[in-house]
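With the first letter of the sequence shown counted as 1, position 237 gets the number 237 in full-length UniProt numbering; the numbers rise by one all the way through.
These aren't lab readings, by the way, just hints derived from the structure by calculation.
Glycine included, each C-beta is placed from N, C-alpha and C at the ideal position.
Misleading hints may appear alongside valid ones.
[As the list claims (entries may be wrong)] Estimated spans, in silico, between C-beta atoms of each pair:
(1) 70 with 209: 19 to 25 Å
(2) 115 with 238: 35 to 41 Å
(3) 166 with 100: 28 to 34 Å
(4) 37 with 92: 26 to 32 Å
(5) 149 with 69: 19 to 25 Å
(6) 238 with 116: 18 to 24 Å
(7) 69 with 209: 22 to 28 Å
(8) 134 with 236: 16 to 22 Å
(9) 95 with 209: 34 to 40 Å
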Amino acid sequence: MTAYSNPSPQAPDHRPTPTGERAATRDDSPRVAAAVPITVWRLDDHGDDQPTTDPAAGFASRLARRLVLVYTSRGEAVVDFDHDLHLHQAATTTGRRYLPITDAADVTELRELDRPIGLITLRWPRQNPTSSAELTADMFTGCRLMMSQGASIIAAVRPAYPDEPGFTFANQEHTLRAAAEKAGLAHVLQIVAVSAPGHGDEFLYYASQAEASLATTRGAPVGSALHIDLLVFERDANRDDRP
Numbered sequence: 001m002t003a004y005s006n007p008s009p010q011a012p013d014h015r016p017t018p019t020g021e022r023a024a025t026r027d028d029s030p031r032v033a034a035a036v037p038i039t040v041w042r043l044d045d046h047g048d049d050q051p052t053t054d055p056a057a058g059f060a061s062r063l064a065r066r067l068v069l070v071y072t073s074r075g076e077a078v079v080d081f082d083h084d085l086h087l088h089q090a091a092t093t094t095g096r097r098y099l100p101i102t103d104a105a106d107v108t109e110l111r112e113l114d115r116p117i118g119l120i121t122l123r124w125p126r127q128n129p130t131s132s133a134e135l136t137a138d139m140f141t142g143c144r145l146m147m148s149q150g151a152s153i154i155a156a157v158r159p160a161y162p163d164e165p166g167f168t169f170a171n172q173e174h175t176l177r178a179a180a181e182k183a184g185l186a187h188v189l190q191i192v193a194v195s196a197p198g199h200g201d202e203f204l205y206y207a208s209q210a211e212a213s214l215a216t217t218r219g220a221p222v223g224s225a226l227h228i229d230l231l232v233f234e235r236d237a238n239r240d241d242r243p
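Turn these sequences into a full structure, and let the hints guide you.
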């Protein structure tokens, strides 16, 4: 999965701890409007298949592998709406089938799969933001009808760019959640993934918003902090299979 540099990184910390400090930028502060748990993944940016001179690729590789191992079982399919090379490698090297969908209209191809879908991923926002919400709701609906109970859709929400003053995580989360609810999906978890070079992988479950915010500003040495928010959706058990 794609990772992004934090524009205002701080020195690393071994574990997220409760704090009153604000995030590096208000727009990048992890906030969840719905009452869902937050988990912090502190991942070593030295991926097994990446040189130490490329921490961004190492972090993305490790994140992709972690997602595949946690959210799928051997023999299941991983559907990717962005043809991410790290996710492709993570899936195929662990006994999963990888299926890239480069056009939302091609979601009907999922009906022809000969194995269950364990994980569906997409980057957010999409390349065409003017129609993203409606298209994403339709895409989510198509995916839900073919997902088994227990499969997950994960949206990777990038931090704001410096020239995007109106871009906030809260707004992006609201748009995605509204599209998911319209499609009969429930928002069940937020994963805050950050780099922790040289310390191995560490995980903090049921983190507070303060702990998650601190993790995004202290994930890596100065100038190379990596951070991305992952929103996890599953089929709403209270909805039937009608579109």
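Hint check against the structure, violated hint numbers in rising order: Number 2 only.
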